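Under this note's numbering, the first residue of the sequence shown carries the number 198, and numbering increases by one thereafter.
Since the hints were derived computationally from the structure, they do not count as laboratory data.
Do not take every clue at face value.
Unchecked claim - Ranges between beta-carbon positions, derived for each pair: (1) 275 - 377: 15 to 23 Å; (2) 303 - 208: 45 to 53 Å; (3) 333 - 399: 43 to 51 Å; (4) 414 - 279: 30 to 38 Å; (5) 351 - 251: 32 to 40 Å; (6) 403 - 427: 32 to 40 Å; (7) 364 - 279: 28 to 36 Å; (8) 400 - 374: 40 to 48 Å; (9) 425 - 371: 22 to 30 Å; (10) 232 - 297: 33 to 41 Å; (11) 331 - 407: 42 to 50 Å; (12) 425 - 376: 19 to 27 Å; (13) 298 - 251: 39 to 47 Å; (14) 279 - 233: 19 to 27 Å.
Computed from a predicted model, the values in this text were never measured in an experiment.
Where a beta carbon is used, it is the ideal one built from N, C-alpha and C, also for glycine.
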Amino acid sequence: MTTPTAEEGPGAPVALVTGASSGIGLAIARSLSRAGTHVVLTARSADRLAAAAAGLPGPSTVLPADVSQPGAGGRVVEATLAGHGRLDVLVANAGIYVQGDVWENEAGQIDQLISTNVTGVLTTVHAALPRMIARGSGDVVVTSSVSGHQAIPWEPVYSASKHALQAFVHGVRQQLVGTGVRIMSVAPGVVLNDLWAVTDEGQVADGVTTGTGMRSEDVADAVDFMLSRPRHVTVRDLVLLPTNQPI
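With the hints as extra help, turn the sequences into a complete structure.
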């Protein structure tokens, strides 16, 4: 575990990013790090987290954890607070993907997806909010999906999980009115990364050129926009799609 350097100073903002070892989570972590934030990276693989942290431009902390496991979300939040004394931004990004006809999905797949995409997000946010509310400031960004805004027939289980997140964000936002804490949802369409089993940069470039897919960095740019709004503005939902995604 690393600690803030003297250059950061005691007031350097701290962000916790779940699912930070690859894809959207890693792109967001890089963006936050470039902005001078001390980033706490959480994901299941310690090795992939270490590699991700090594590529950040600024200081970071690595906390291997599986937020789908009971109590894990609370533990990473408490470890962040214990190590740095503050939590300014939580990016609840960890998620997995299941597609296909629901009757052909295995029950274990469904359970794991809900435990990760829904329970893991809710419990991590639940743990972070009391400290943010006590400080009177803080930002929570939840990685949702366009699938949370409309039912997608080739991924009904995944779509159901993202609909749950939309309901959660909208309800909690209203509960937070007057606290100084913001909660927001970023909802991308096709992002060409390992969640979609896309690891070849040439395939990513082709998708970007044809307008049928986006880079993880495109989502990170959207999150940067959301977080950089003045405190009197909340971007409740930001849906971004590849220009030629036909949904």
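Hint-by-hint comparison with the structure:
no.: 1; hint: 275 - 377: 15 to 23 Å; result: holds (22 Å)
no.: 2; hint: 303 - 208: 45 to 53 Å; result: holds (48 Å)
no.: 3; hint: 333 - 399: 43 to 51 Å; result: holds (48 Å)
no.: 4; hint: 414 - 279: 30 to 38 Å; result: holds (31 Å)
no.: 5; hint: 351 - 251: 32 to 40 Å; result: holds (37 Å)
no.: 6; hint: 403 - 427: 32 to 40 Å; result: holds (38 Å)
no.: 7; hint: 364 - 279: 28 to 36 Å; result: holds (32 Å)
no.: 8; hint: 400 - 374: 40 to 48 Å; result: holds (44 Å)
no.: 9; hint: 425 - 371: 22 to 30 Å; result: holds (23 Å)
no.: 10; hint: 232 - 297: 33 to 41 Å; result: holds (39 Å)
no.: 11; hint: 331 - 407: 42 to 50 Å; result: holds (48 Å)
no.: 12; hint: 425 - 376: 19 to 27 Å; result: holds (20 Å)
no.: 13; hint: 298 - 251: 39 to 47 Å; result: holds (41 Å)
no.: 14; hint: 279 - 233: 19 to 27 Å; result: holds (22 Å)
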